[in-house]
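Chains A and B, in that order, are what the protein sequence lines are.
Numbered per our numbering, the first sequence spans residues 5 to 361.
Numbered per our numbering, the second sequence spans residues 39 to 175.
You may find that some hints are simply not true.
[Claimed, not checked] Using 27 Å as the maximum straight-line C-alpha spacing, the simulated DSS-like pairs for lysine-lysine come out as follows:
hint, chain 1, residue 1, chain 2, residue 2
1, B, LYS124, B, LYS107
2, B, LYS147, B, LYS97
3, B, LYS139, A, LYS317
4, A, LYS317, B, LYS147
5, B, LYS90, B, LYS107
6, B, LYS147, B, LYS110
Source of the hints: derived by calculation from the structure; they are not laboratory data.
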Amino acid sequence: MMKKGLLALLLAAGTFIGCQDNASELPNEQQSKVDMSDFYLHTDEYESKRSSKDGKECHTMQVLNRQLKENKGLYKKMYDVEYATRKFIAAKGKPTKPGGGSGGGSGSGDVDITPINDGLGVVNIPVYVHVVYSNSNQNISNTQIASQITVLNEDFRLANSDFNLPTGTTFANDATDSEIEFTLAGTFRHSDSRSSWGTNNAVKSAYPPVTPSTHLNIWVAEIGGGILGYAQFPGGNASTDGVVISPQYFGNTGFVSAPFDKGRTATHEVGHYLNLRHIWGDGRCRQDDFVADTPSSDGPNYGCPSYPTTNCKSADMTMNYMDYTNDACMYMFTDGQRNRMRAIFASGGARASLAGN
Amino acid sequence: MNVLKKISLLILIIFSNCTAQEEVNALEITYSAQTRGSSLTISYNSLILELKTNNSNKKIVLNKNQKEKLLKEVSKITLTEIANLKAPTNKRFSDGALVGKFSILKNQKQYISSEFDHGNPPEELNNLYLLLESLLN
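Given these sequences and hints, build the entire structure.
Printed below as a string of structure tokens:
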């Protein structure tokens with residue numbers, strides 16, 4: 005009997021030898037972005053200053069201080085109340101458009117931004133296109149170039165025929181006419197034996213931009229490495245200012261390659277050129293794109309996602325030009341993005357001279 | 039005889055448990071790099087190292103030596119810190135680079151790194167990245 009018991013014990017021990025902590029560590033859940041850095045409750049210092057100054061004491065704060073001492077959980081409770089309040093206010097956003105609006109108090113977090121009237125009217129950006137080609141395919145036609153200018157004009161003014169939100173979104177009142185237009189000012193063509201240019205601005209060194217402070221320069225050149233196009237944000241070096249797009253992703257006719265054959269790569273890159281960030285903020289939930297009416301997200305969307313695609317507890321705006329979806333599945337900017345883009349045209353702004361300002 | 043049988047059974051159980059533990063605690067490494075229009079994944083699991091891109095697929099079986107090199111490289115990394123590493127460059131913010139990221143499963147815990155420009159990881163992850171690259175070439 006003893007032997008059996010001992011054996012059973014040894015057996016059990018044997019089974020557990022080397023058993024390690026099983027807990028798997030998942031990344032911390034991200035909180036929504038609410039700035040609580042200025043939050044405080046204790047007021048001892050404040051109170052003593054007040055009482056010495058004018059003899060008055062804030063009795064309420066005295067009571068609070070005492071309560072905070074007595075009740076350890078109170079701080080957290082009050083912190084949570086403040087957090088929720090700030091979140092609610094942030095969600096309500098700025099005044100809604102007349103006649104429209106989301107009724108922000110629904111708690112859905114939908115923010116509606118009013119397009120700012122900056123008095124500049126329609127801003128027309130002249131464009132220089134540099135076609136740098138190593139074969140005849142890459143030497144794209146004037147028709148292909150014109151098609152890209154057309155797409156830019158449609159996309160930036162909500163005149164694109166494929167604007168078609170699925171049922172159930174709260175995005176309809178966010179779609180914007182940014183009142184930014186583009187005019188082709190000139191095309192330069194260069195034959196070059198280099199078959200791919202990379203993303204270190206080599207093509208711009210070889211073929212420098214023309215008057216970049218007043219013109220958007222676009223290089224159409226084979227980038228390679230799986231990159232469709234890349235941009236330079238405002239505030240960078242003038243000698244490398246502009247946008248580079250590989251030829252088969254430029255325009256919507258001719259030498260174009262699906263699913264990036266509707267000219268949206270340029271729309272996306274020009275968005276960056278005009279100071280827009282990726283809609284997911286290039287980070288997790290808390291990382292912002294600095295635009296209030298785009299939903300929070302923790303990563304890019306690819307392909308043609310269905311609605312809703314939920315991340316960070318809200319539906320992503322996958323049809324925004326600043327996501328990573330296919331050309332056919334992106335078709336809008338928001339009012340907030342419009343305001344952010346136009347801000348750089350204001351007098352003193354990073355691209356004021358582009359708008360003749 | 040009976041006791042001997044029991045003891046050998048016990049030993050068998052203990053050792054099979056140990057082996058099972060080793061498999062359960064196996065190291066998995068995934069390096070992913072993505073952008074609009076292209077993606078690349080390097081994955082390591084149970085001696086197999088695989089590279090997948092939009093239009094290619096490469097699989098190799100590592101020898102014991104190579105596996106040891108890989109394990110050694112991973113052991114040099116403070117895995118609990120990789121989510122907080124700062125990227126040396128940010129070209130991916132304007133699409134000038136694919137978005138790179140490491141995901142490492144060790145001792146049943148998953149560690150996901152912060153993002154960085156593909157090809158230019160933070161210093162702490164660079165040696166691992168270079169090793170994976172060299173193993174695939």
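Hints and how they fare:
The hinted pair formed by LYS124 of chain B and LYS107 of chain B meets the criterion: a straight-line CA distance of about 25 Å does not exceed 27 Å. For the proposed pair LYS147 of chain B and LYS97 of chain B, the alpha carbon gap of about 25 Å is at most 27 Å, so the pair holds. Taking the CA atoms of LYS139 of chain B and LYS317 of chain A, the gap is near 23 Å; set against the 27 Å cutoff, the hint holds. Between the alpha carbons of LYS317 of chain A and LYS147 of chain B the distance comes to roughly 25 Å, so the proposed pair stays at or under 27 Å and holds.
Distance check on the hinted pair: LYS90 of chain B and LYS107 of chain B sit about 22 Å apart at the alpha-carbon level, within 27 Å; holds. With a C-alpha separation of about 17 Å, the suggested pair LYS147 of chain B and LYS110 of chain B falls inside the 27 Å cut-off, and the hint holds.
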